[in-house]
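Work out the full structure: start from the sequences and follow the hints.
Chains as they are written, first to last, in this note's numbering: chain F, 80 to 190; chain G, 62 to 176.
Do not take every clue at face value.
As the list claims (entries may be wrong) - Label pairs and their calculated CB-CB ranges:
{"hint": "1", "chain 1": "F", "residue 1": "SER147", "chain 2": "G", "residue 2": "THR74", "range": "44 to 52 Å"}
{"hint": "2", "chain 1": "G", "residue 1": "ALA113", "chain 2": "F", "residue 2": "HIS124", "range": "21 to 29 Å"}
{"hint": "3", "chain 1": "G", "residue 1": "VAL126", "chain 2": "F", "residue 2": "GLU134", "range": "39 to 47 Å"}
{"hint": "4", "chain 1": "G", "residue 1": "ASP99", "chain 2": "F", "residue 2": "THR187", "range": "14 to 22 Å"}
{"hint": "5", "chain 1": "G", "residue 1": "MET83", "chain 2": "F", "residue 2": "ARG133", "range": "40 to 48 Å"}
{"hint": "6", "chain 1": "G", "residue 1": "SER130", "chain 2": "F", "residue 2": "HIS124", "range": "24 to 32 Å"}
{"hint": "7", "chain 1": "G", "residue 1": "THR174", "chain 2": "F", "residue 2": "GLU84", "range": "25 to 33 Å"}
{"hint": "8", "chain 1": "G", "residue 1": "ILE115", "chain 2": "F", "residue 2": "HIS124", "range": "21 to 29 Å"}
{"hint": "9", "chain 1": "F", "residue 1": "HIS124", "chain 2": "G", "residue 2": "THR81", "range": "22 to 30 Å"}
{"hint": "10", "chain 1": "G", "residue 1": "THR174", "chain 2": "F", "residue 2": "ALA89", "range": "21 to 29 Å"}
{"hint": "11", "chain 1": "G", "residue 1": "SER130", "chain 2": "F", "residue 2": "SER91", "range": "42 to 50 Å"}
{"hint": "12", "chain 1": "F", "residue 1": "SER103", "chain 2": "G", "residue 2": "PRO122", "range": "26 to 34 Å"}
Said to hold, decoys possible - In silico negatives: residues of chain F with every beta carbon more than 12 Å from chain G:
{"hint": "13", "residue": "ASN101"}
{"hint": "14", "residue": "THR106"}
{"hint": "15", "residue": "ARG133"}
{"hint": "16", "residue": "LYS148"}
{"hint": "17", "residue": "LYS149"}
Treat the hints as calculated values from the structure; they're not laboratory data.
Here a beta-carbon is modelled for each residue, glycine too, at the ideal position from N, C-alpha and C.
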Amino acid sequence: SQQGEEDPQALSIQEGENATMNCSYKTSINNLQWYRQNSGRGLVHLILIRSNEREKHSGRLRVTLDTSKKSSSLLITASRAADTASYFCALPDGSNYKLTFGKGTLLTVNP
Amino acid sequence: DAGITQSPRYKITETGRQVTLMCHQTWSHSYMFWYRQDLGHGLRLIYYSAAADITDKGEVPDGYVVSRSKTENFPLTLESATRSQTSVYFCASNPSIRGMNTEAFFGQGTRLTVV
Numbered sequence: 080s081q082q083g084e085e086d087p088q089a090l091s092i093q094e095g096e097n098a099t100m101n102c103s104y105k106t107s108i109n110n111l112q113w114y115r116q117n118s119g120r121g122l123v124h125l126i127l128i129r130s131n132e133r134e135k136h137s138g139r140l141r142v143t144l145d146t147s148k149k150s151s152s153l154l155i156t157a158s159r160a161a162d163t164a165s166y167f168c169a170l171p172d173g174s175n176y177k178l179t180f181g182k183g184t185l186l187t188v189n190p
Numbered sequence: 062d063a064g065i066t067q068s069p070r071y072k073i074t075e076t077g078r079q080v081t082l083m084c085h086q087t088w089s090h091s092y093m094f095w096y097r098q099d100l101g102h103g104l105r106l107i108y109y110s111a112a113a114d115i116t117d118k119g120e121v122p123d124g125y126v127v128s129r130s131k132t133e134n135f136p137l138t139l140e141s142a143t144r145s146q147t148s149v150y151f152c153a154s155n156p157s158i159r160g161m162n163t164e165a166f167f168g169q170g171t172r173l174t175v176v
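In structure tokens, the structure reads:
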């Protein structure tokens, strides 16, 4: 199994700004997932992008996937204080539905 | 309540004691997982289960035991707790629909402190 690596480790922005975080990986995948974790809570699934998709949107979230560069990015537009959380990319392990998580990006949105 | 629930939410135990963390899901998802989350390590998979009576080791299984006699329950037991097992433990499930990429659903976590 492989672990995605998120970048940056921490990001601090002002409310209304956009936040971009990246995930790099090493071997081919059939999908990549992004999760959010608010402080003291469990992880919540945000978006899943398949290997044949280049971009996907969900509300203020935009995820891109570049399989040639083995990287994905998560863009949060017009950020809010409530977006303050850790964001993780997760890679599936073959057909076993196991997910391997990166160490996450801690996003702080200042009001 | 529908979903995945963990109990207890907080637990303090002494070194050497046996402790069991409970996980219950109401969806009848096939796959269930236990992760631990530690600063600097992110989430690491301890054990997982593909169905009732089928379990397998993850990345960090030593010192842990799991069972899955019923689809909806996946308890995690620390046979003899050590301080290094102080962590936040997350249970998760996945509907694992054949031929589809599916997401995982997480419980709220159990914060375990071993003193």
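So, going through the hints one by one against the coordinates:
1. Roughly 49 Å separates the CB atoms of SER147/F and THR74/G, a value that falls within the hinted 44 to 52 Å.
2. For the hinted restraint 21 to 29 Å between ALA113/G and HIS124/F, the CB-CB distance of approximately 24 Å keeps it satisfied.
3. At roughly 44 Å, the beta-carbon separation of VAL126/G and GLU134/F lies within the given 39 to 47 Å, and the hint holds.
4. A hinted range of 14 to 22 Å for the beta carbons of ASP99/G and THR187/F is consistent with their spacing of about 21 Å.
5. Separated by about 42 Å at the C-beta atoms, MET83/G and ARG133/F satisfy the suggested range of 40 to 48 Å.
6. The beta-carbon spacing between SER130/G and HIS124/F, approximately 28 Å, falls within the hinted interval of 24 to 32 Å.
7. Between THR174/G and GLU84/F the Cβ separation comes to about 29 Å, which falls inside the hinted range of 25 to 33 Å.
8. Our hint of 21 to 29 Å for ILE115/G and HIS124/F holds, since their Cβ atoms are close to 24 Å apart.
9. Hint check: HIS124/F to THR81/G, Cβ distance near 27 Å, so the stated range 22 to 30 Å holds.
10. Roughly 26 Å separates the CB atoms of THR174/G and ALA89/F, a value that falls within the hinted 21 to 29 Å.
11. Taken as a hint, the range 42 to 50 Å holds for the pair SER130/G and SER91/F, whose Cβ atoms sit roughly 47 Å apart.
12. Between SER103/F and PRO122/G the CB atoms are about 27 Å apart, so this pair conforms to the stated range of 26 to 34 Å.
13. For ASN101/F, the shortest C-beta to C-beta distance to chain G comes to about 16 Å, beyond the 12 Å cut-off, and the non-interface label holds.
14. Annotated as non-interface, THR106/F keeps its C-beta farther than 12 Å from every C-beta of chain G; the closest such distance is 17 Å.
15. Here ARG133/F stays apart from chain G, with its beta-carbon at least about 16 Å from theirs, past the 12 Å limit.
16. Residue-level check passed: LYS148/F sits 21 Å from the nearest beta carbon of chain G, beyond 12 Å.
17. Here LYS149/F stays apart from chain G, with its beta-carbon at least about 18 Å from theirs, past the 12 Å limit.
Every hint, counting from the list given before, is met by this structure.
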